[in-house]
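Peer 1: The chain contents come next:
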Amino acid sequence: MTVEQQCEIARLMTGCKSSNDEILKNISCMSDLVKEEASLVVNRLLLRDNLPFDRAFPLVKYDFDKVAQKYKINSAALFWVYME
Amino acid sequence: MKRAIKLKDKKILDSVHNSWKALVSLLKTLYKGMPLLMLTFTLLMIFAAEKIGSNTTFQLGMLTADIFLSAIAVYFKSKNYGEAVLALSAGLLTVYTVTWTPAFFISFILVWVMFTIIVFLTTSIRLSSTIQSIYMEAVFAIEQSQLSDKECEKHLQAIANDLKDCIIGPIEKAETIRLFAYRKISLSEMKIGLKWVNIFFSLTRIPYLDLADFVAVVIKNASVLNKRITGDMLFEHIYSGMKNSPVTPQEYIAIFQRTRHLLMKNKNVVLYFDTLNTYFDSGISPDSIEMFFEQALHID
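These protein sequence lines map, in sequence, to chains A and B.
Quick note on numbering: the first sequence equals residues 6 to 89 in the numbering used here.
Quick note on numbering: the second sequence equals residues 67 to 366 in the numbering used here.
Hints are not guaranteed to be accurate.
Ranges between beta-carbon positions, derived for each pair [to be verified]:
1. Lys77(A) x Arg324(B): 19 to 25 angstroms
2. Ser33(A) x Arg192(B): 44 to 50 angstroms
3. Asp54(A) x His221(B): 39 to 45 angstroms
4. Leu64(A) x Met330(B): 25 to 31 angstroms
5. Lys30(A) x Met299(B): 18 to 24 angstroms
6. Glu27(A) x Thr314(B): 50 to 56 angstroms
7. Leu64(A) x Leu229(B): 34 to 40 angstroms
8. Met299(B) x Lys77(A): 58 to 64 angstroms
9. Ala320(B) x Asp54(A): 55 to 61 angstroms
10. Met299(B) x Val8(A): 41 to 47 angstroms
Please keep in mind that the hints were generated in silico from the structure rather than gathered at the bench.
Keep in mind the model is a prediction, meaning the values are calculated, not measured.
Yeah, the Cβ is synthetic: ideal placement off N, Cα and C, and Gly gets one too.
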């Protein structure tokens, strides 16, 4: 999968409007600590929702956005980091 | 309780016995390893004592140096100039008014040396037994350890001894480890905790037990720690935030102590410390601190 495709998926899943460059720049600026903890928090929220995909999808967008705001990061970048 | 007291008394007796055994074995080893050197050294000491004993100028010089060193020791212990200068004056006055004969001089030096040796020996035994009893309390506080009490105590001592270039002393290290044991920090995490208490103490001079409490709360609530994210990475991040915040380390720890319950509730240690750093820059009133932290840390 190319970087552009990965960025596109991250944008689709989170509803983020950032460009590829912005997402990649955000990922490279993020510290390992933030990556790890934000991913853990997202994981906790997703596990708590525990819903079928069609019902979980809007919540996923909301959860990523919420966590990204708290950690002052881009939600698409957070999705990328979480999937890694 | 009775078991602990009995064990403590036994430890003190053990310490005296062990110190004596160590001294005897050291002398034996030295004599076995270098018999000629030991004999030469003893003969030299006797010769020097005889020479000094028969020379009044040497005697006075030695006694003056002795009084001077004692006064310095008094000053460092009491931090009181008056007390030290009084000890110095009284000592010098006595030394210069007495007519020193070899017998007088030898008995003075002998008593002085014996007193010093006994004091040092007693101090080291007391120190060792205090440290051992602190470790014993730590062992009792550690729950469900698979090690026996003796092994556990040895393990704790090894954690303390592994710490290189440390500013905190052996009693401080033992007390820090005991606090970690009370806070139920695992043995594997104690090493990194002790290392960071030492670093924070050398950089901030905040009382070491406050720092130990701070480090223990962080370790206990850091869900982010794993094989990839080490304690060092986390504490470096925290220290960098502390260094860049516009407050003193004491104020930083004070605000931490007011809001630590929120860290314990959320367990998002990175977010908590980033919020703490934001708070110092925000100019928000200390009265609204709880609300500010609640809003920043609440995610669900």
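Peer 1: If a hint holds in the structure, say so; if it does not, say that too.
Peer 2: Cross-check of the supplied hints:
no.	hint	in the structure
1	Lys77(A) x Arg324(B): 19 to 25 angstroms	holds (24 angstroms)
2	Ser33(A) x Arg192(B): 44 to 50 angstroms	violated (57 angstroms)
3	Asp54(A) x His221(B): 39 to 45 angstroms	holds (43 angstroms)
4	Leu64(A) x Met330(B): 25 to 31 angstroms	holds (27 angstroms)
5	Lys30(A) x Met299(B): 18 to 24 angstroms	holds (22 angstroms)
6	Glu27(A) x Thr314(B): 50 to 56 angstroms	violated (38 angstroms)
7	Leu64(A) x Leu229(B): 34 to 40 angstroms	violated (48 angstroms)
8	Met299(B) x Lys77(A): 58 to 64 angstroms	violated (19 angstroms)
9	Ala320(B) x Asp54(A): 55 to 61 angstroms	violated (39 angstroms)
10	Met299(B) x Val8(A): 41 to 47 angstroms	violated (27 angstroms)
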